[in-house]
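Trainee: Chains as they are written, first to last, in the working numbering: chain S, 19 to 287; chain Y, 19 to 287.
It is worth saying that the hints were derived from the structure and are not from the lab.
Remember, it's a predicted structure, so these values are computed and weren't measured experimentally.
Each hint should be verified, as a subset may be incorrect.
Intra- or inter-copy, both count: the list cannot distinguish identical chains.
Derived DSS-like pairs (lysine-lysine); straight-line CA-CA distance at most 27 Å [what the hints assert, rightly or not]:
id, residue 1, residue 2
1, Lys85, Lys99
2, Lys139, Lys129
3, Lys176, Lys224
4, Lys127, Lys85
5, Lys184, Lys152
6, Lys127, Lys43
7, Lys172, Lys224
2 protein chains.
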Amino acid sequence: MMEKFVEICYYRKDVIIYEVDMLGKLEIMLENEDNRLNYNISSLFQGVLMESISAPYADNLHKTGLKPYSQYLEFENNLIKWTIHTMTEEAKNQVINPLLNNMQDVNLKQKNITLKVLEKKVSIKTYEQLLNEKYFFQGNPYLDVTFITPTAFKSQGKYVFYPDLKLIFQSLMNKFDNSSANSSIYSEEALEHLIENSDITRYRLKSTVFHMEGIVIPSFMGRITIKIRGPQAMVNLANLLFAYGEYSGVGIKSAIGMGGLRVNERSTK
Amino acid sequence: MMEKFVEICYYRKDVIIYEVDMLGKLEIMLENEDNRLNYNISSLFQGVLMESISAPYADNLHKTGLKPYSQYLEFENNLIKWTIHTMTEEAKNQVINPLLNNMQDVNLKQKNITLKVLEKKVSIKTYEQLLNEKYFFQGNPYLDVTFITPTAFKSQGKYVFYPDLKLIFQSLMNKFDNSSANSSIYSEEALEHLIENSDITRYRLKSTVFHMEGIVIPSFMGRITIKIRGPQAMVNLANLLFAYGEYSGVGIKSAIGMGGLRVNERSTK
Chain S
19 MMEKFVEICY YRKDVIIYEV DMLGKLEIML ENEDNRLNYN ISSLFQGVLM
69 ESISAPYADN LHKTGLKPYS QYLEFENNLI KWTIHTMTEE AKNQVINPLL
119 NNMQDVNLKQ KNITLKVLEK KVSIKTYEQL LNEKYFFQGN PYLDVTFITP
169 TAFKSQGKYV FYPDLKLIFQ SLMNKFDNSS ANSSIYSEEA LEHLIENSDI
219 TRYRLKSTVF HMEGIVIPSF MGRITIKIRG PQAMVNLANL LFAYGEYSGV
269 GIKSAIGMGG LRVNERSTK
Chain Y
19 MMEKFVEICY YRKDVIIYEV DMLGKLEIML ENEDNRLNYN ISSLFQGVLM
69 ESISAPYADN LHKTGLKPYS QYLEFENNLI KWTIHTMTEE AKNQVINPLL
119 NNMQDVNLKQ KNITLKVLEK KVSIKTYEQL LNEKYFFQGN PYLDVTFITP
169 TAFKSQGKYV FYPDLKLIFQ SLMNKFDNSS ANSSIYSEEA LEHLIENSDI
219 TRYRLKSTVF HMEGIVIPSF MGRITIKIRG PQAMVNLANL LFAYGEYSGV
269 GIKSAIGMGG LRVNERSTK
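Can you make the complete structure from the sequences, with help from the hints?
Mentor: Rendered as structure tokens:
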């Protein structure tokens with residue numbers, strides 16, 4: 019069973035090397051005078067992003083249904099931090115580059131508001147780096163994860179607004195597999211194994227709502243610690259999935275502001 | 019199905035009238051200079067209570083295994099509020115009365131600390147009053163509940179430290195039934211019905227631990243809103259159970275500081 023994971027990842031490693039596929043991150047600091055804007059505007063940034071990318075690429079995204087990017091807003095001290103993550107090299111070139119090179123300020127047409135860009139920061143990481151850091155490494159069995167923005171899952175037609183480990187791991191595996199045609203980390207068996215060997219040992223969580231085009235999605239924010247039992251390969255797989263989750267987000271609507279997550283560094287438990 | 023609940027409660031109402039059974043509440047305000055004491059001392063108050071009650075009654079509690087009382091501590095601004103609830107008239111006489119009439123200060127022998135009593139408040143309520151207020155009344159379908167002290171359940175040999183609605187309702191029903199020989203609100207069917215018709219719609223929760231005789235019990239504190247769907251009788255039953263839960267506590271170790279709860283008044287949802 020464990021060998022299978024390793025095999026997949028070795029295989030994937032080779033694929034990545036040839037494809038030179040990569041993960042991208044762009045942070046844009048925006049002015050938010052008197053904290054007048056809040057989370058409710060998050061979904062408007064989907065419009066800003068769509069106007070920035072080329073029409074053919076937008077068409078392509080629409081046609082394939084794939085979303086090789088995620089984005090979310092954070093609000094702090096009269097500032098908005100807009101973070102855009104990409105999960106393929108193409109998405110980095112098509113989504114991050116135009117925002118990085120051309121955009122001087124952010125125009126929220128629906129609100130008739132223009133936000134001044136104060137700073138832009140960009141960073142990239144290859145899948146090979148990610149695997150070397152997280153999978154071919156003695157990962158920490160305690161994963162301390164913050165859900166930075168409203169997070170939710172859809173299961174059997176209903177919104178689930180608490181951190182169900184099955185839905186979390188399933189979502190991360192699917193997002194990992196979706197961003198590239200060549201990978202397949204997901205299997206029913208691997209998922210079952212992960213869930214059986216994982217427990218939430220600490221949490222601080224609250225329910226909240228995410229506003230999107232007039233609808234309100236029940237969701238949650240907060241922090242959990244997950245303990246992964248079992249062999250190191252299992253621990254490493256979980257670490258890899260969550261490290262990837264920092265780019266992909268988790269759960270529904272991660273392309274328009276939901277499901278942003280951060281893995282907090284911690285020494286031990 | 020619904021008729022059955024009503025029947026039970028009508029029946030129970032008659033029983034109560036003849037037994038003149040009652041619920042009691044004693045609040046004792048204690049000095050906590052410089053906030054030097056915290057939740058970790060909660061279980062020591064079991065010793066204080068046991069020394070205050072008569073030997074024959076203590077023996078009786080031990081023999082029957084029943085715990086017709088609950089107690090917990092709350093800490094605020096150099097004060098400790100010690101709340102003792104009783105669920106039978108006998109327990110009111112045997113547990114609350116000695117603390118009310120004889121105790122001048124609280125002596126924590128293990129810590130060699132004496133806490134000054136600043137104030138005592140007592141109140142009683144008959145089961146009949148409780149039923150009239152909560153069951154024979156248009157109860158609110160939204161129940162806003164605060165878990166004031168660390169709360170946990172035991173299920174299949176493991177601690178459950180989140181508010182599982184099945185375990186909550188089961189615990190409240192069992193505590194209701196246990197405190198008096200003549201009542202039987204619990205049935206598998208009634209419990210199933212309650213769970214099927216209840217959802218947590220809001221929450222703000224954190225995991226914590228409760229210290230007891232050197233062991234550490236994983237638990238949670240915080241606030242939830244439960245929505246009860248279905249007929250008014252169902253809504254009223256849930257209101258009755260939680261109103262009772264203010265006296266009995268919920269989950270494990272409510273006789274030594276865990277599982278204290280409060281139902282918050284709210285106008286609508």
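Trainee: Does each hint fit the structure? Answer for all of them.
Mentor: Status of each hint after checking the structure:
For the homomeric pair Lys85 and Lys99, the shortest alpha-carbon distance inside one copy (21 Å) is at most 27 Å, but the shortest distance between copies (54 Å) is not. In this assembly of identical chains, Lys139 and Lys129 lie within 27 Å of each other by CA distance solely inside one copy; the values are 26 Å within and 55 Å between copies. With identical chains, the CA atoms of Lys176 and Lys224 are at most 27 Å apart both within one copy (19 Å) and between copies (24 Å). In this assembly of identical chains, the alpha carbons of Lys127 and Lys85 lie at most 27 Å apart only when taken from the same copy (23 Å versus 64 Å across copies).
Proximity of Lys184 and Lys152 under a CA criterion of 27 Å is satisfied intra-copy only: 21 Å inside one chain copy versus 39 Å between copies. Taking the shortest Cα distances, Lys127 and Lys43 sit within 27 Å of each other inside one copy (25 Å), while across copies they are farther apart (59 Å). Proximity of Lys172 and Lys224 under a CA criterion of 27 Å is satisfied in both settings, with 18 Å inside one chain copy and 24 Å between copies.
Violated hints: none; the structure is consistent with every hint.
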